[in-house]
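Trainee: Letter by letter, the chains look like this.
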Amino acid sequence: MKRNRVAAALGGVPWWLVLVVGLGIVALTTALADASYRVIFGAVAKGFGVTMTVAVVSYAASLVLGLFLGLARASRFRPLREVSTFYIELVRGLPMLVILYYIAFVGAPALAGVLNALLAPLIRSGAIEAFQSRSFDFATRAALALTLGYAAFIAEIFRAGIESVDRGQIEAAHALGLSPAQTMVRVVLPQAIRNVLPALANEFVAIIKDSALVSVLGVQDITQIGKVYAASTFKFFETYNVVAFFYLCMTISLSMLVRALERRLKRENAR
Amino acid sequence: MSGFIRIVEARKTFGDDVRGNRSHNQLVRALDGVSLDVDKGEVVLIIGPSGSGKSTLLRAVNRLETLDSGEIWIGDDAVTAKHADLRRIREDVGMVFQSFNLFAHLSILENVSLAPRIVRKVSAAQARETARQLLERVGLADKLDRYPRQLSGGQQQRAAIARALAMNPRALLFDEPTSALDPEMIKEVLDVMTALADEGMTMLVVSHEMGFARAAADRVVFMDNGRIVEQGSPEQVFSSARETRTREFLAHILN
Ligand SMILES: Nc1ncnc2c1ncn2[C@@H]1O[C@H](COP(=O)(O)OP(=O)(O)O)[C@@H](O)[C@H]1O
Ligand SMILES: [Mg+2]
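The listed protein sequences derive, respectively, from chains A and B.
Note that the working numbering gives residue 142 to position 142 of the first sequence, counting from 1, and the numbers run on in steps of one.
Take any residue in the second sequence, note its place counting from 1, add 271, and you have its number in the working numbering.
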């Protein structure tokens, strides 16, 4: 009896979390005690802002673009559906790294050309300067690439959410005289977004990890700073420990928030 | 001679425009030349076996379904006109569904006040007040802030009726409003419907509730295979139907 209860109590403990937090505390205390770790911490921390900025900006932009792509994907108007499906399939079929190179070295010159053509009168009159590839710094190009890539994933999440909403409620809205657009905004999207909130939040965790890809363009994020530091000091072990520590702090805490959110939504739905 | 709702030779075939199903040998004639006039204030009950086209007929009246041919008029508005003002038609005709279809993310009060606010542009305060009165009328005054999932089926259906009434419709369509309800909840919904009928609401009701038919229906229409087989007063149809098909069906549901 008693033994069973102890076993049940022990079974309920999230042991992986205990381990993670324990290791985290060990890592931090070691770092604070060890002078060379302190230096590495200070150096890598300088990349934290860049990593977060790239992740947050790309995520916000891909939510907006993804919503429109998802709406187009669920649209009854065939051309819209076809175009968005084409885009989504194309982007999802490419490695994120290839999208990154593509936007950085093909997309940026092309974008400069397009902007120059569109704004030709202004440029000729001297009101603004002509664009060049280097008008867009690499951090901007990297954020653009992540946005275009993640918008495709997020569009599919929105589409699934939109399709999860009960058809009967849509009919009821139409029967009350709401237009298709009013029905989407007032009835479908509030429920769709709520249903996919955890999935959307998980994409933020994913984009934080994928933001490390921007290091290949030399953008000074956590990974890039760590890479350069390790290469110049040969302290690979210590440096990548610190780099991993930073990512884990962000991703694990966010994952836990997502789980809490999921539980809360489930509770509310059951009420 | 001309009713308030006029349905003239309505025809609708399903099968060839269903996405992903192009095979023409699966055509279903849901409506095969249905004509029906409903006067102002009249309560018409539609009965018939499953698949006989009752829902399709109701859904054609507020243009949730588009006819292949035939005409439907509500007052002077041609529902079936190519560029019909759907919003106006749907403002005029309320609909109550078998599965309630309340908006799950809104409270009962918000469910009822949404369309007046969004479609009619009534002020939020006014819409809330009207919604409160309507919910009181269907006996839900103490449930205003509840969400649909927190209510019983009977309460949800009464809220759905209040939601339809909030648009101040000139006619109401009911598609099997009590079929999804537990027996003990059917009466509370039928009582609300009977009260509406007594107040002179024009109603087109698909239902097999004989009690409601006797208490409130002016006319009973029997449909089979997309056609109206026969119609008459409840008394006439229930106790002395002319057609064998009608008698068989009635015997089956009354068992
Ligand atoms: N959206 C649809 N697509 C294909 N067939 C349909 C559709 N709606 C109804 N039908 C068919 O039309 C016929 C009439 O259906 P319905 O009007 O729902 O009948 P009832 O309400 O009397 O049971 C049935 O055979 C049904 O399968
Ligand atoms: Mg039906």
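Keep in mind that the hints were calculated from the coordinates and are not lab data.
As the structure is a prediction and not an experimental result, all values here were calculated from the model.
There could be a bad hint or two in this list.
[Unchecked claim] In silico DSBU-like cross-links for lysine-lysine, where the CA-CA straight-line distance does not exceed 35 Å: (1) K266(A) to K458(B); (2) K266(A) to K311(B); (3) K209(A) to K266(A); (4) K353(B) to K414(B).
Trainee: Each hint should be assessed against the structure and marked as holding or not.
Mentor: Tested hints:
1. K266(A) to K458(B): 33 Å, holds
2. K266(A) to K311(B): 47 Å, violated
3. K209(A) to K266(A): 27 Å, holds
4. K353(B) to K414(B): Given pair K353(B), K414(B) is violated - Cα atoms ~42 Å apart, limit 35 Å.
In the structure shown, a violation is registered for the earlier hints numbered 2, 4, in ascending order.
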